[in-house]
Amino acid sequence: MSDPAVFAPEGALTMQSAPALLAEGQRRARAGDLVVDLAAVSAADSAALALILDWMRCARAAGHALVLRNPPAGLVSLAALYDIDGLLALERAA
Numbered sequence: 308m309s310d311p312a313v314f315a316p317e318g319a320l321t322m323q324s325a326p327a328l329l330a331e332g333q334r335r336a337r338a339g340d341l342v343v344d345l346a347a348v349s350a351a352d353s354a355a356l357a358l359i360l361d362w363m364r365c366a367r368a369a370g371h372a373l374v375l376r377n378p379p380a381g382l383v384s385l386a387a388l389y390d391i392d393g394l395l396a397l398e399r400a401a
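If you read the sequence shown in the working numbering, its first letter stands for residue 308, the second for the next number, and so on.
Honestly, the hints are just simulated from the structure, not real lab data. As the structure is a computational prediction, the values presented were derived from the model and not from experiment. A virtual CB, placed ideally from N, CA and C, is assigned to each residue, including glycine. Just so you know, nobody snuck in bad clues.
Now the in silico label distances, taken between C-beta atoms and shown as ranges:
(1) L388 with S309: 32 to 42 Å
(2) D361 with V313: 13 to 23 Å
(3) G370 with S349: 28 to 38 Å
(4) V313 with L360: 17 to 27 Å
(5) D310 with A347: 17 to 27 Å
(6) Q323 with L360: 10 to 20 Å
(7) S309 with G381: 25 to 35 Å
(8) L360 with A380: 10 to 20 Å
All chains, full assembly: derive it from the sequences and hints.
So this is what it looks like as structure tokens:
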């Protein structure tokens, strides 16, 4: 079994930028297991959550896993506020 691919979006992941990343994330999620590394994300809003949930649906439909690495604290808090934090697969520390 090979290691999952890593997708590392950079900059703001907001309502303005999310549409540009939608197709790329979907393509990668359908291609195989995927780690989405959010370390370089400078800002995230509810559009980021919608984007991630869409990518998760694509991965699941294709029989793959999607895991989040280094999610910004604000994104995790927003997910908890919306009571969807349990849906997010977070990478466990090694």
